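**Q** Protein chains in written order, with the working numbering: chain A, 1 to 495; chain B, 1 to 508; chain C, 1 to 183; chain D, 1 to 618; chain E, 1 to 100.
No false leads were mixed into what you were given.
Straight-line C-alpha distance at most 27 Å; calculated DSS-like pairs for lysine-lysine: (1) E:K85 to A:K157; (2) D:K3 to D:K62; (3) B:K441 to D:K27; (4) D:K3 to B:K468; (5) A:K435 to E:K99.
The following label-pair restraints were derived from C-beta to C-beta distances: (6) B:E184 to A:N278: 20 to 30 Å; (7) A:P459 to C:F71: 44 to 54 Å; (8) A:P459 to C:L141: 42 to 52 Å; (9) C:S108 to A:G58: 49 to 59 Å; (10) B:I37 to D:H108: 51 to 61 Å; (11) B:H61 to A:E66: 37 to 47 Å.
A few chain A positions that, by computed beta-carbon distances, are all more than 12 Å from chain D: (12) G40; (13) V59; (14) H193; (15) D360; (16) F379; (17) Y417; (18) Y488; (19) T491.
Rather than coming from a laboratory, the hints here were simulated on the basis of the structure.
Just so it is clear, the structure is predicted and the values come from calculations on it, not from any experiment.
Think of the CB as a built atom: it goes at the ideal place given N, C-alpha and C, for glycine as much as any other residue.
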Amino acid sequence: MLEPISISLQALNLPSLLPVGILIVGAIFIIVLDLVTKSGSKSFYTMLSILFILLDLGVVIGYYGEARGMFDLVLVDGIAKISQIIVLVTSAFFLLLAMSQRRFQEFSMAEFYALFLFMIAGFQFMTISDNLILIFVGLETASLSLYTMIAMHNRKKAFEAAIKYFTMGALAAGFYTMGSLLFYALTGSIEIHEIANRVILNDNLSVVALIAATIFMIGALGFKISIVPFHTWTPDIYEGSSAALAGYMSIVPKIAGFVVAMRLFEALLNLNVLWIENMFYILVIATMTVGNITALVQEDVKRMLAYSSIAHAGFVLSAILIGTSEANSGLFLYWILFMFTNLGAFTVLWMTRHKKNLWDERYQHPFVKFKGLAKINPFMATMMAFFMFSLAGVPPLSVFWGKLYLISAAVNAGFIYLAIFMALNSAIAVYYYMKLVIFMFLMEPASEEKAIFTTNATPVLKVVLAVAVAFTIFASLFIDKILAFIIYHVTMSGF
Amino acid sequence: MDYILSLVVFFPIVAGSFAFLVDAKSVRVFGIAVAIIEFFLSIVLWLGFDYGIDGMQMVEHFSLISQFGMSYYLAVDGISLFLVILSTFMTMVALFALSIEKDIKNLIIAVLFLETTMVGVFLSLDIILFYLFWEASLVPMLYIIGAWGSERRIYAAIKFFLYTFAGSVLMLVGILYMGHLYYETTGIWSFAITDWYQMVLPFNLQLWLFGAFFLAFAIKVPMFPFHTWLPYAHGQAPTIGSVLLAAVMLKMGTYGFVRFSLPLFPDASIYFMIPIAIIATVMVIYAAMVAYAQEDMKQVIAYSSISHMGVIILGTFAMNTEGISGSIFMMISHGIVSGALFMLVGVIYERRHTKMMREFGGLASVMPSFATIYAIMLMGSVGLPLTIGFIGEFLSLMGFYRIDWIITMIAGTGIILGAVYMLSLYKRSFFGPLVNDENKKLKDLNFKEYSALIPLVFLVILLGIYPKPVLDPISSSVKNMIRIMDKKVINKESKEILYKANSIGGGR
Amino acid sequence: MYEVIAFYTFSLLTIALFGVVVISKNALYSMSALAGGMIFIAGFFFMLEAEFLGVVQIIVYTGAVMALYAFGMMFFDTTKEVRERVHAQKVIYTLAILVAVCVVFIVSGPIVGQKMQALYPSIEGVGNIQMVGLLLFTKYLVVFELAAIMLLVAMISGILLVSDRMNLDLTLKDEDDKEREMI
Amino acid sequence: MEKYLYITLFAPLVGSLIAAFFAAKPKELYTGILTSALVGISFLSSIVLLNYVDADTILHVKMMDWISVGNLSIPFGFVVDQVSIIMMVTVTFVSTIVHIYSIGYMEHDKSFNRFFSYLSAFVFSMLILVMSDNFIGLFIGWEGVGLCSWMLIGFWYHKQSASWAANEAFIMNRIADLGMLMGLFLIYWEIGSFQYDIVFANILNLNINTVTWIGSFLFIGAMGKSAQFPFHTWLADAMEGPTPVSALIHAATMVTAGVYLIIRASDIYFLIPDVGYVIASLGAFVAVFAASMALVNRDLKRIIAYSTLSQLGYMFVAAGLGAYWIALFHLMTHAFFKSLLFLGAGNVMHAMNDELDIKKMGGLYQSMRATAILMTIASIALAGIYPFAGFFSKDKILEVAFNHEAYLLWFALFIGAGMTAFYSFRLVMMVFFGEQVHKRLGFHPHEARPFVIYALTPLALLSIVAGFLEYSFHAFVIDLLRDYKFTLDHSVGWMLIVATTAIALSGIAFAVYKYKRGGFGAGVESLGIYKLLVNQYYIPQFYNNAILKPFAAISTFFWKQIDLKIVDATVDLIGKMFYNAGGKTRQIQSGNLSSMLRWMVAGIAVMLVLAIILRPMV
Amino acid sequence: MIGLAHYLVLSGILFSIGLFGVMKRKNLLMLFFSTEILLNAVNIGFVAVGRFYGDMSGQIFAFFIIAVAASEVAVGLGLIVLWYKRTGSIDLDSLQMMKG
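Use the sequences and the hints to build the structure in full.
**A** Set out below in structure tokens:
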């Protein structure tokens, strides 16, 4: 007979859930508000959402309690904290992009903001747990919101993107469950740390099955962080969604995916199964290379950035392969630096968003659009150039430091060839970033009309841009602090 | 005086940022003013330079990224001092001669940014900082070539950027590996080159690391067969771009060899001495011959740069004070002379909008001053004694003679071939009858051009006659460097070679 | 013995039905086969003493999901035969068979070395439903709540996506000139 | 005394710089006068120095440090000793006369000022060359005179041939200079200094092999500057320059720098008689070789140029065989009469409106008496007839060869002497006597301006009497240079003198006899030997076809085929490879959802297969 | 006796059928059917493994998978409705605007 169970609130460690709780309450609040009054405007919802996000952020930063909570389901360790901060900061900035000049369907609907907050909550759940179920449900929550939000952009392309993303996401969910099943079958557990423990304890379990489980997990998480060959969605989805959302997608879902991957794969890589290590080696290099060389031939800036984000993901994935705490710190450092640069780049695209596709039948942001931008709008062109060079890894701009740190981590861990591959890939990547700079600076403008490049610009966007560019240029000045923070938290949580 | 180095490094970029606010009409004057101030700052640096110290001086050192051991570390010694002055001087002079009207503001800003990076490269002693300036220097140059060049400028700019960038990424890996090794041995993260000088590396590691650094420097120099970006870059760049590229940016590569490759990897450097010398020799002769075949005046000078850089490499790898000092002196002399030659080509290009030699002929009679200055620079380029060109070439070749006289002799044919292509250029363009009607009304140099060229002529002759103030600090710093190398060398044969290279006598 | 017979019967039926789902050209057949397959899977659940899940399976899938699909089908008017132009069929077969063979090969072997200690063992004498309830409201409470939110998200999304508001396009309605002055 | 040294050295430089300021301006007479005066001052102060220098006192000053690096220290140091003062006096003397002469000669040239600037610059360089107290100083002067020679040969730059000849001279010299540089490097790395005194003091300690290398390398340099075979072609082509230039640079001074180098480095060559013998042999060869080309040439200046070559050969024989003072002596006397000859030829050229073909002249004696006399004096001196200067120096050289038992060399020189006499008088006869062909061709020759003629008389005087200075010269120079011991019998010596004089006289006689009657018939021109000689043994053609053309072709090949099509194309290919690979990987992204899903499944499938296949790896 | 392996094999086979369907189906609606098969296949496995270990986690996982499947259906249908309204087709090949 079932005995009554009594659990002390203390043991539940409810504060560990407080951050997510705030968001969920916020989201529901927005929905309710929308039901009650129809007067909420775009700026109102944006600011309200950002308020909730900031509240959340404050709580996350201020949380120094137990790592475990809610029956050990929740795990708020160092990397969870860092990744939540990244998620929240990024969300806040990208949500600001809703304050654009043009009106867009999605931003006029309260549901968008609710979904946005739900999505963030989903990602947060992914990061604060090592239970495969919670991760799965969190991931699905976030994904479902994201699909909807993409579709809410209300263009045919957006629908296409959403459907593609959704369908592939469903397949990835299948992979995820299959992988979990195999792990479960192997170890009888669905908690990552427990899985790892049991694999170590159990000598004669089928290694092939372990590998198979890993493979399905690579398929599932690889889809999220766009590892080749699970990357095919990336360019299409970026192209289909608004620049603001595309930029967001290049950062947040991936960092959530990376945290899960870090938790899971590093536990597996620690098992010293050579096959997994080699497979990761191949995947890292394939992802970097395919992303880079495909980006070389793109005609659209957003699409190019999509491929470039694949390459960056591959670059960062190497941290998981390397697996030292230096590499893991490098991953977060890289992503923070990458975030601000990408924020800037996508903000520029967003600002130049025109209601019609003036330059190309298909693309909103083809390279030719930026021809001679330096003459038309030198300020914007200069900023974009900074972002491009930063992404290319030209020192002293922000992403360079991330690359430096990651390559250094590779070298320090003895992955010399990996380091060389990483370095060579950054050399290839230079071309396509430079291509945009060349279009902007070295070519003559097609028309002198300045206004078409700023139809979507507002002071808010300009502020975002200024923040991004300041961070990109002066990254070297505060990297020390960021790095100290990251290293402290990463080592604290044992990665 | 405490922060003079930072001032010298960052003054142009700060001033360049201010230039955004200056209106286009007066921005050229603003640029010149900044360049003059910067030049005087570098002169102040020189005045404050203590000739008695052969190591680093005016050190500015504080930690920038402590987790990573990266610091802000600037210092100057005899090797870098004059390269800094060369950079500021050539920038100033190039701005004097600037006659571009289009987007002048952007150009001035780009040039000032470039100046910061160039000076930064020579003054950074933290290698990450060095790498930072090294890479950052590509960006303004990309812009200068790409925006103000001639028809194929974009191709040339891309090629320049990609090639040099790709070359240096391996160096980055090498740098990080060195940092790792330093950490392994000492337990401290440091990227300060002076710290690295203390580290003795096993031979096979030296070979690999030398290779990683080599590619970056070799492409920048550019060494055969990595040189093909240079003719395009020079051929397409506007005058000011070519001047700065030839005068300063190429020197970054050879400076890198002197500052990093030799003292960090002495055994590997000695091990690769002969192969590199052979490459250098090939460079000297091959580039000289290709230069002879050119039809475009600017290309001749571009290839001549390659040829001369070969001699510099040869001197660098002579491993003795004479050779290395000579090669450093030649960096300066080549900077001045090739800069001046590019400027001169710019003068005629501006008047005729062509650089093809067949379009010219007999220019000496319409533009005598131009021809005279050209001739002086030409003589500097072929290394006539009492011009600046001789000393470096002489010392470099002499230095390497101690290592291998046959290679030296073959490379020495460079002085013959140099005369061949230069004189044939001069003959084709300046001598002979004046046939082309378009050339008959050409105007001789104007004030702007004089103001740029006269200082150069003056320097070419002055430093040719009295190189002592420049050579002395170079020589003592190089001696110091060789002492470091000597301390670090681990192989017995390398030690012997190093000893032999630096001693007199002992038979052939 | 009954178990063996039941297993094989159910297996064959599920495989066959799901085969129909993926092969059939008629959406209606396909959907019916899917519903059938779901029920047989519920059968498996019952066999495996997971009564709660079995019931949930039937209710959720056959009840809710299939109903939704049926509505969808009616909306899309796909009751008649669907024509699909499938390109490079060989690739599909190869890949599917490859995965099948690999997975079967991997799982058919002894994948577990020794019996692990269950983390959340079902307690003797406690029914399945109780057991599930116990776990759902203790250990997996957070997940349960999150699932609720997920369903809320799905609901909002579903409503939103088919609502009239999605037919509007605010951007195109904007008039450029008026806006420009504000910049 | 130092101030005289500096005056000697820098007066020409000052003149040059002043003239240079007016280089682009129209003619200013005073630039000519000023530079001439300054060179004259230089001459006078060198005379003062000549008086100052004796057996015990030489002047050695260090002006400043030039290069000091590592162990190397090169100062600007100057030494006035017995050898350099002879050179200084000779150089400044001839220069002064050439300067004055040029005022007249260049009268109508629009680049008058520029000319004097160059000419004085040359004098300065030459003085550096001879006065330096170290090898590098010598090399500076060496290159300096090369530069001035380039500027002066190409003085009329609008003439293609002139600028071509200038470049040829410069480049040929550069080739030889490389050899010299090698020698200098070797000296440095063996001895550690370039100072003459240190080098010569330590040269004994070196291994003889090394010394041989040093000697050979330095001689290569000397060969270039003194236009010895195979570098001889530039000298004849250098006649494109204005005639005073030919007189000063390509006869009296610069080309003798090679001989000066050997004499200067006599302490080195003394140790390596074998190399000396090679030098002598080459000298003897050139003496005959050049003389033979002079026999048939029709170009007034080229004949004299070949004669210069030939005489340089004589000097090298003397220097090579160790008779350094004799070489120096011949150098000096040769400077006098050869410059006189050239300057005379200049007068003729002016008279003939720059026509150089001696076949078109003839009978000019009528219109230019003074010039004819001067040139005849010079020719006699050149032919070596007693008591003219050439006799004393040249005969001594033949004696040396005989004394050395180098009979073959002697014989060559002997033949050379005969040829010299013949071609000299062939020239005199064809220009000044015989039929007045020029009248037919419409020339109206006139004598040069009187001051020009007066300027030449000192040279003529010296051509006649310089020989008698032999004993004092010998006594003066021997303090520094090794003496040469004659072991010949007195009678043999006399016999040699008689023989040489005889062959010279017969050469003259033959020439006079033959050309009085209009010379050889046309038949001689079809002889193979004539063609060979007229075409300079086909050596210029050979150089053109074997070196110049292939060089140009290879250069173009390097550029078009290797640089553009291989090196550059490879780089581009690598770039394109990546780009094209991008085009390939792009096809993954077909945009079709089905295929995107397939890629995902394929990823899983491939990995699973790999997992199974590569199980041993796990 | 039916062991765990039997169930897992069944699960694997059904999963592969699902994959096959996902790859083959061009009708978006029917493609979604296939994704349901994927999830259901895994569910069998989870329950079987849970039973094998005597562990409840499998069932819980399966439970949540069902929940997820249900939500996905809602969103997925919403999306294709949207598409259908816009284009009048639910053929997968109509989603071809973006590529390259």
